[in-house]
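J.: Chain L is already provided as a structure; the job is to place chain A on it using the hints.
So the sequences go chain by chain: L and A.
Add 39 to the 1-based position in the first sequence for my numbering, that's all there is to it.
Add 39 to the 1-based position in the second sequence for my numbering, that's all there is to it.
Quick caveat, the hints were computed from the structure, so don't treat them as lab data.
A portion of the hints provided could be inaccurate.
To be verified - Cross-link-like lysine-lysine pairs, in silico, DSSO-like; alpha carbons within 27 Å at most:
id	chain 1	residue 1	chain 2	residue 2
1	A	Lys48	L	Lys70
2	A	Lys350	A	Lys334
3	L	Lys269	A	Lys245
4	A	Lys168	L	Lys50
5	L	Lys55	A	Lys48
6	A	Lys96	A	Lys70
7	L	Lys125	L	Lys70
8	L	Lys168	A	Lys48
9	L	Lys350	A	Lys269
10	A	Lys350	L	Lys269
11	L	Lys245	A	Lys50
12	A	Lys163	A	Lys118
13	A	Lys417	A	Lys338
14	L	Lys48	A	Lys70
15	L	Lys350	A	Lys350
16	L	Lys245	A	Lys55
17	L	Lys50	A	Lys48
18	L	Lys91	L	Lys125
19	A	Lys424	A	Lys400
20	L	Lys168	A	Lys424
21	A	Lys424	L	Lys48
22	A	Lys168	L	Lys70
23	A	Lys424	A	Lys245
24	A	Lys127	L	Lys168
25	A	Lys50	L	Lys48
26	L	Lys350	L	Lys334
27	L	Lys50	A	Lys245
Protein chains: 2
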Amino acid sequence: MRNFEFCNKTKIIFGKETEERAGSETAQYAKRILLHHSGGHPVASGLINKIKESLKKTGVEWVELTGVQPNPLLSLVNKGIEIVKKEKLEFILAAGGGSAIDSAKAIAVGAVNEGDIWDFFERKRTTDKALPVGTVLTIPAAGSESSLSCVITNEAGPWKRSINYPCIRPVFSILNPELTYSLPPYQTACGIVDMMAHIMERYFTKEPNVELTDELCEGALRTIIRNARKIFSGGENDYAARAEIMWAGALAHNGLLDTGRIGDWASHALDHELSALFDIAHGAGLAIIFPAWMKYNIKEDTPRLARFAAKVWGVDGAFYNYEQAAREGIFRMENFFRSIGMPVRFSDTNIDTTRIPEMAKRVVHFGTIGNYRKLEEKDALAIYKLAAERDEW
Amino acid sequence: MRNFEFCNKTKIIFGKETEERAGSETAQYAKRILLHHSGGHPVASGLINKIKESLKKTGVEWVELTGVQPNPLLSLVNKGIEIVKKEKLEFILAAGGGSAIDSAKAIAVGAVNEGDIWDFFERKRTTDKALPVGTVLTIPAAGSESSLSCVITNEAGPWKRSINYPCIRPVFSILNPELTYSLPPYQTACGIVDMMAHIMERYFTKEPNVELTDELCEGALRTIIRNARKIFSGGENDYAARAEIMWAGALAHNGLLDTGRIGDWASHALDHELSALFDIAHGAGLAIIFPAWMKYNIKEDTPRLARFAAKVWGVDGAFYNYEQAAREGIFRMENFFRSIGMPVRFSDTNIDTTRIPEMAKRVVHFGTIGNYRKLEEKDALAIYKLAAERDEW
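Looking at chain L on its own, in the form it has when it is part of the complex:
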């Protein structure tokens, strides 16, 4: 186990009707805020009106910035920064999923740091200053509601890049599982894969003696899988199942599950090229990349993949050799992803496989990717090819 620090100051407010507390929680930080969201579903569902009522009650004034899209764009972030500076706003309240929250986090950094915000994403500089951000979560997926991460797409490239600063962890996040009843099944499924990916990125480590976090990761994955099955078997409005998924999504990315180890994150990098070039939803891209990444790693660390198969997918190790168990685990994972409507191969999507060499080159822009196994361009090429072929093993 590696030495580590763990400190997560986000106040989680979880449960039914908790969105009514948006005003009183925000008022503890500021009286003039930016209210940031897509302008679509949160408005149609009545959530934004509820939040505004709640803000009014506590005397909080807001300026509204709508238009956040999936894979949130740098242009809107820059617009937000301008508004916050001009209006002297002191807090950003994001309502929505990871996109709205990430957009809010980037605005929070830009508002108090002069110069080009994209420099931070290009790793040219770093900061420990940002405006406080609060969130009302509507899509359990990205875990951004209690994470220190933020991913923004610069449409000029297009480039999709991330920053990870403790100062952008939300000060509070309101999680009401009822708000997720109305999610389209495809979005629910993308969220489920996204949170599973956050756990798997942390689970695959070569750090020895991280038993407690292994157990926590495996338990969280089993909980997500069981409750996803409930939701996709007519349980769209099953509060209990939605609540397990929502809480698991926050824990998946709050930092607890990688204490004592270093996560891999190669699959996220591999997926970012899919969303940047083909606008594939993040979760859908991960459902394609993860099986391919695992297949590429079977020989690298067979016991780890066999354990994953046994503890998460119920593969009885005793009746298999390690490699066979590992393959059976990946097979079950693919079947699970398919069962909730996710693609598992490029051919299930609009991805143009002739651009695989270009993606492999782009993904190593900053050097090798991954910590579990350092991947170079040739490795990325092989993984993309595994994702492209239906019957490769």
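T.: Chain A only, in chain L's frame:
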């Protein structure tokens, strides 16, 4: 799942040689502090000298208050409050186990709240103000290093009472597993039972649909059991095993494992009478009480105890009926406690069984105990009797 709030601001600094950071972490809060510890082992081991060196380097001055004992006493707390006020100290750094930390927390409350500190423990009033507390942990057990709890013994009674305030959560806690190599086996074992008890108090709930936290609890318990076996099989200086135990002890009581549910805590109350009247170590008392409490509850909620047996103790539910599985689980738990040198019956200790009626009366001083099942005096009597008899079932 119940609505809940979760926010734990304690910064955990975990790993080898981390005690060297005591000075730099403390200096972020204050320049004049109370350094609080037992005066025994932490001095002999050289830890206190290391901490003083580290404080000196960052220009932090300290007043020292030693003499903390297991089941920390109100008289020392009052002495600490007096010193802090007189010397105008701004921070309390505790070095030791739960006793030193709890004593520090009580001093932190008394230092900024006028009047008799014991009033808080008698539930006559409450507060949200305390001096900041930091800790260097030497005994993984109580979980006080990141909890909002504090237990103090008033020797006038003797009464053992607790407070639970967010304002007494330590601002940082330094956890170096190497510091636990030198613990006597009895103390290691008491700590292991204590942290298991913290998880079991939370695990036994009648709240439905708390799957994620159930999984996390079960995984943490399995990790503790496996690594306890390593330590008690010649692994006293096994860093990996000590690290798993130390991290599990902090998570056991940091609030995560009871999100969405309400813990029981009857067993803690039942044990408090053992320590108040017979000075039984907290962990040892819990090793006696928990099996008795579980036996008393088998008919109350057989499936829950059967699940506990299956998931934590590996009892294969398919080959048992639920009640038989539940009993087998309790039997395995008792055997485990015995294997690490813990008592499991009153007859293994100096407890005078003629005082059982008195203990049963004292334990319901504030009314019924327990949330999983509300216990009255007659229930407490029955549980103490189960703990007294060797062959009662």
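J.: Run every hint past the structure and note whether it holds.
T.: Checked hints:
Distance hint between Lys48(A) and Lys70(L) is fulfilled; the C-alpha atoms sit about 24 Å from each other, no more than 27 Å. In summary, the hint linking Lys350(A) to Lys334(A) is supported, as the alpha carbons are separated by about 18 Å, within the 27 Å threshold. With a C-alpha separation of about 21 Å, the suggested pair Lys269(L) and Lys245(A) falls inside the 27 Å cut-off, and the hint holds. Taking the CA atoms of Lys168(A) and Lys50(L), the gap is near 19 Å; set against the 27 Å cutoff, the hint holds.
Using a Cα cut-off of 27 Å, the hinted pair Lys55(L) and Lys48(A) holds, with the two alpha carbons roughly 24 Å apart. A threshold of 27 Å between alpha carbons decides the hint, and for Lys96(A) with Lys70(A) the separation of about 12 Å falls inside it, so the pair holds. With a C-alpha separation of about 16 Å, the suggested pairing of Lys125(L) with Lys70(L) holds against the 27 Å cut-off. A hinted pair counts as satisfied when its Cα atoms are at most 27 Å apart, and Lys168(L) with Lys48(A) qualifies at roughly 19 Å.
For the suggested pair Lys350(L) and Lys269(A), the alpha carbons sit about 22 Å apart, so the restraint of at most 27 Å is met. Of the supplied pair hints, the one linking Lys350(A) and Lys269(L) holds, its CA atoms being roughly 22 Å apart against a limit of 27 Å. Distance restraint check for Lys245(L) and Lys50(A): the Cα-Cα separation of roughly 26 Å lies within the 27 Å cut-off, and the hinted pair is therefore satisfied. Of the supplied pair hints, the one linking Lys163(A) and Lys118(A) holds, its CA atoms being roughly 22 Å apart against a limit of 27 Å.
Between Lys417(A) and Lys338(A) the CA atoms are separated by roughly 17 Å; this keeps the pair inside 27 Å, and the hint holds. For the hint pairing Lys48(L) with Lys70(A), the CA-to-CA distance comes to about 24 Å; that is within 27 Å, so the pair holds. The straight-line distance between the Cα atoms of Lys350(L) and Lys350(A) is roughly 12 Å, inside the 27 Å bound, and the hint therefore holds. Restraint check for Lys245(L) and Lys55(A): satisfied, since their Cα atoms lie roughly 19 Å apart, inside the 27 Å limit.
Distance hint between Lys50(L) and Lys48(A) is fulfilled; the C-alpha atoms sit about 9 Å from each other, no more than 27 Å. Distance check on the hinted pair: Lys91(L) and Lys125(L) sit about 22 Å apart at the alpha-carbon level, within 27 Å; holds. Between Lys424(A) and Lys400(A) the CA atoms are separated by roughly 14 Å; this keeps the pair inside 27 Å, and the hint holds. Pair hint Lys168(L) plus Lys424(A) does not hold up; C-alpha atoms about 60 Å apart against a cutoff of 27 Å.
Using a Cα cut-off of 27 Å, the hinted pair Lys424(A) and Lys48(L) is violated, with the two alpha carbons roughly 45 Å apart. For the hint pairing Lys168(A) with Lys70(L), the CA-to-CA distance comes to about 25 Å; that is within 27 Å, so the pair holds. Between Lys424(A) and Lys245(A) the alpha-carbon distance is near 25 Å, which keeps this suggested pair within the 27 Å criterion. About 32 Å separates the Cα atoms of Lys127(A) and Lys168(L), which puts this hinted pair outside 27 Å; it is violated.
This hinted pair checks out: Lys50(A) and Lys48(L) have alpha carbons roughly 9 Å apart, not beyond 27 Å. Distance check on the hinted pair: Lys350(L) and Lys334(L) sit about 18 Å apart at the alpha-carbon level, within 27 Å; holds. For the hint linking Lys50(L) to Lys245(A), the alpha-carbon distance of about 26 Å falls within 27 Å, and the restraint holds.
Violated hints, in rising order: 20, 21 and 24; the structure is consistent with all others.
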